[in-house]
Every structure is written in structure tokens, then in C-alpha cells.
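Visitor: Chains as they are written, first to last, in my numbering: chain A, 30 to 146; chain B, 30 to 146; chain C, 30 to 146; chain D, 30 to 146.
Mixed in with the good hints, there may be bad ones.
Ranges between beta-carbon positions, derived for each pair [to be verified]:
(1) G97(A) - E33(B): 42 to 50 Å
(2) S107(D) - G115(A): 26 to 34 Å
(3) P59(B) - E140(D): 43 to 51 Å
(4) E124(A) - E93(D): 38 to 46 Å
(5) L131(C) - L131(A): 45 to 53 Å
(6) V60(D) - P141(A): 26 to 34 Å
(7) P59(C) - S63(B): 23 to 31 Å
Covered stretches of chain B (chain A as the covering partner; in silico rule of three or more C-beta atoms under 8 Å from a C-beta of chain A) [unchecked claim]:
(8) 71-78
(9) 124-133
Calculated Cβ distances over 12 Å to all of chain B for the following chain A residues [stated by the list, open to error]:
(10) Q34
(11) K44
(12) A67
(13) D128
(14) E133
(15) I134
(16) D136
(17) H138
FYI, nobody ran anything at the bench for these hints, they're computed from the structure. Backbone N, C-alpha and C define an ideal beta-carbon position, used for all residues, glycine too.
The residues making up each chain are set out below.
Number of protein chains: 4
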Amino acid sequence: MADEQEQAIFEAGIKLGALYHQFVGTPVSPVTASSLEAAIEQSIGLQPYVGEIRIHLDRAAMEENMFGYSELKGTMISVNLVTRVGRACCHARMERKGDYPLMEIVDCHEEPKTADY
Amino acid sequence: MADEQEQAIFEAGIKLGALYHQFVGTPVSPVTASSLEAAIEQSIGLQPYVGEIRIHLDRAAMEENMFGYSELKGTMISVNLVTRVGRACCHARMERKGDYPLMEIVDCHEEPKTADY
Amino acid sequence: MADEQEQAIFEAGIKLGALYHQFVGTPVSPVTASSLEAAIEQSIGLQPYVGEIRIHLDRAAMEENMFGYSELKGTMISVNLVTRVGRACCHARMERKGDYPLMEIVDCHEEPKTADY
Amino acid sequence: MADEQEQAIFEAGIKLGALYHQFVGTPVSPVTASSLEAAIEQSIGLQPYVGEIRIHLDRAAMEENMFGYSELKGTMISVNLVTRVGRACCHARMERKGDYPLMEIVDCHEEPKTADY
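Isolated chain A (complex conformation) (with noise of 0.2 Å):
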């Protein structure tokens, strides 16, 4: 089982460096976020292994340009992901941490064994 929770946590992590440099630079305002929030959970979620994508943008991040609007920038992300590989389980995350948008594993678990009666 060791294998496959490396491997769960291996694929969260290409998941969430994949979205962030993906996405980051996108033109983005208050109005357009969730369109683009939905479009990051869904595109990601075609990746294997990934069985729950949240994407959460934060809109208060968002100043103004000259042009009125902005530019995502990985600050203003959080995510929260699980990735899945055979019974093996990995909850990651983003998360602007000060000036840092920091990934991390928030937790590992292996899924109970369904009977088969």
C-alpha cells in the first residue's frame, strides 16, 4: 500500500503545480471568478488519480489596473484537492500563507475496504 500513497501524494503535487503555472497571469475580476474557478476544477479534474478539486479565488485580492481589472496571481488562490490511487487517499492543498501561496499535504489515509458479500 506504501506505493500507492506515494504515488497520491506525488500526483497531488503535479496537480497543484500544474493549475498554478497553468493559470497564473489569467486576466481576472470579482465578476469573471467564478467562470474561471470553474474552469480550473474542471479542466484539472480530467487529470488521473484526481478525485476532488475545490478552487476558491479571492476576490478581496483582486485591485484594480488602470483598466479596471486584474490578474490572477497564485496569492489569490486556494485549492483544496484529493487524489486517489487504488485505496490510497491524499487531502492537499494551496494556501496564501503571508506573501507565499503554499502547498501542502494536509493529510493521507487509506479508503476502509468495502465488503463483498
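Position chains B, C and D relative to chain A; hints supplied.
Guide: For chains B, C and D alone, kept in the frame of chain A given last:
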């Protein structure tokens, strides 16, 4: 008016280059394509001088990899875009031409002056 | 010739939008800045109609995060770019203007016809 | 020590996901490939916990489009990466597997404790 028209053309180019390189590589499938279309339209629609923008992603070109999804390629993207600077308008598009995602100016014109009685 | 000039302007816009959204978010520091400048110049230099391109990244703006590096932001990037379509040339640039990375047409001209004796 | 190993694995995943989605779509050719390799190695090398990183881009896969260049695709990229968290090391790689750019853990180990006399 020449200057406004030139700027409308320049701005149209910026938007096409921007959306291409922001979103190429995003995981996508026929199921998630419409959320990605919406996110692209809304984000690029925030940029200065964008009048109208319509994105269509070619579902038929989304071949499944070994994990059942695809990745956004330039040749999957059709864009119709109108930029407006003062009364100058530029209609530009991106469309697959053979194997190349060609960006072109479709037409430029000046909007009629509105009578102000 | 009008058409060639319009296309030179359009192509300049494409390149500026492209490089911005391709490279924003890249980890960078004063030590690695020159390799990133070289990679941006060489990659955008491959695109059609690029005559000259010069990139400068503002080292002084690269504030260290908690892990000792920074990330490429639009306001760190200065670009001087010349596109050529036929005999039409467009010199465009991107440069920080307050908090905005402004893209502008600097000047357009027609190259003198070379005498062919 | 388990926790350090888990984090080394997680960090390796982050780096592979990050570099993929940051650089895919970049214009590239056999002539410019080495400058792009250098920029990727140096930028990802800035991220926390990266011990070693080697990038190789497959020149043979760079088919020329109608303008004589190509674009970076995931399947062109080979990466060998070692992350270090405390004494835990994770060697991970990305490599083309059929049509998929597969990311894998190659091996994890603990570095021998240095004797301190």
C-alpha cells in the same frame, strides 16, 4: 483617425497572442469545453478595448490520451474578436489553416458618428 | 502598402501578448534573469515577421519570497520589438507605466526600396 | 522521517506539474532548444527543495509548421529531477510513454547521516 485604427489592430493582435499562450496546454475534453470557452471569453473580455469576443473549441479535435482527456492546442481554438478604439473597429480572428492556428485581420472600419441633437 | 503596415502592427501585438502570457509566472531571480531573457528572445524570435526583439527583465523588481526567489510579473518585463511585413516595419514596446505593463506602438515606417542595378 | 520523504515526493510532483504547464506552448526549434532547456532548468531550480534538475528537449520531435518552427509539447520534454527534504530524497522523471508525457517516481531514499566527530 488613422492612429485609432492602428491601435485597434494592435490591440486585436495582443488579445489573440495573449489568449493563445495563456490557455494552450489546459486539460480539456468535450465535457469541459464549454466551461473553458466561457472562462477564455470572460477573461480576455476584461482586457482594454475588447468589444466582442467569441471562442469556439473544436470538440472533434480533442483526441483522448491514455487517461481519457486531451489538452488544448492552438488548432482547436477559433476566435472572433472585435476591438474598438474611439470610433475605429478591428475585427480579427484565429482559425485553423492546415496545421497552423492562423491569426488574421478580417476587416477594419470606422463606426458612424452618432448624431447628437 | 497600407495592408502590409496594418499586418506589421497586428503581428507586433500578437508577439507582445504571446510572450507576456507564456512567461508570466516563471520563477526568476537576478541570477537566472539572463537565461530567461535569452529564452524569451529566441522563442519569440522564431515567430513569423519578427525582425528584432530585445527583452530586459528588471532585476531590482525581483523581491525575494520566503524561499529566496521571485516570479516573473508583467511589470518586470521591457520589450523592444520590430516586426517586418514586406517593406512595412512596426516598432512596438512593452514597458511598465505605473503599475501596468503597457504595450504601445512606438513608430511605423516603410523601408526604403533598395535600388537594384 | 516518513514525513520528509512524503514531502520530497510531493515537491517533486509540484515541480513537474509546474514546468510542464509553464512552458508548454513556447515556440521552439532545434536551434533555440538549448536556450529553452537552460531557462527551464534555472527557473525550476529556484523552487524550494530542488536538488538537481536536468531537462532534455527532443529536437527530432520538433516538426516545422508553415513558418518553420515548432511549439513545445509535453511529449518533447524529458526531465530528471531530485528533490531533497531533510535527508529524504526523491528522484522523479517525466518521459514520453507512447503519446503521453508520463510523470513517475523513479526512487526514494534517505541520505546517509554524516558522521560528525
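Visitor: Work down the list of hints and note, for each, if the structure agrees.
Guide: Quick rundown of the hints versus the structure:
Between G97(A) and E33(B) the CB atoms are about 20 Å apart, so this pair departs from the stated range of 42 to 50 Å. At roughly 27 Å, the beta-carbon separation of S107(D) and G115(A) lies within the given 26 to 34 Å, and the hint holds. Between P59(B) and E140(D), the C-beta spacing of about 47 Å keeps the proposed range 43 to 51 Å intact. Checked against the hint of 38 to 46 Å, the C-beta distance between E124(A) and E93(D) comes to roughly 44 Å, which is consistent with it.
Evaluation of the 45 to 53 Å hint for L131(C) and L131(A) yields a failure: the beta carbon distance comes to about 32 Å. Our hint of 26 to 34 Å for V60(D) and P141(A) is violated, since their Cβ atoms are close to 56 Å apart. A hinted range of 23 to 31 Å is violated for the C-beta pair P59(C) and S63(B), which are about 43 Å apart. Requiring three or more residues with a Cβ within less than 8 Å of a Cβ of chain A, the coverage given for the segment 71-78 of chain B holds, as 7 such residues are present.
Counting residues of the segment 124-133 of chain B whose C-beta sits closer than 8 Å to any C-beta of chain A gives 0, which falls short of three, so the coverage hint is violated. No Cβ of chain B comes within 12 Å of the Cβ of Q34(A); the nearest lies about 20 Å off, and the non-interface call holds. For K44(A), the non-interface assignment is contradicted: its Cβ lies about 10 Å from the closest Cβ of chain B, within the 12 Å cut-off. Chain B draws A67(A) into its interface by the beta-carbon criterion, the shortest separation being 5 Å against a cut-off of 12 Å.
With a closest Cβ-Cβ approach of about 23 Å to chain B, D128(A) is found to remain outside the 12 Å limit, as its non-interface label requires. No beta-carbon of chain B comes within 12 Å of the beta-carbon of E133(A); the shortest separation is about 23 Å. No beta-carbon of chain B is positioned within 12 Å of the beta-carbon of I134(A); the least distance is around 22 Å. Every CB of chain B is more than 12 Å from the CB of D136(A) (nearest about 25 Å), matching its label as outside the interface.
Distance to chain B confirms H138(A) as a non-interface residue, since its nearest Cβ pair spans about 24 Å, more than 12 Å.
Violated hints for the displayed structure, listed by number in ascending order: 1, 5, 6, 7, 9, 11 and 12.
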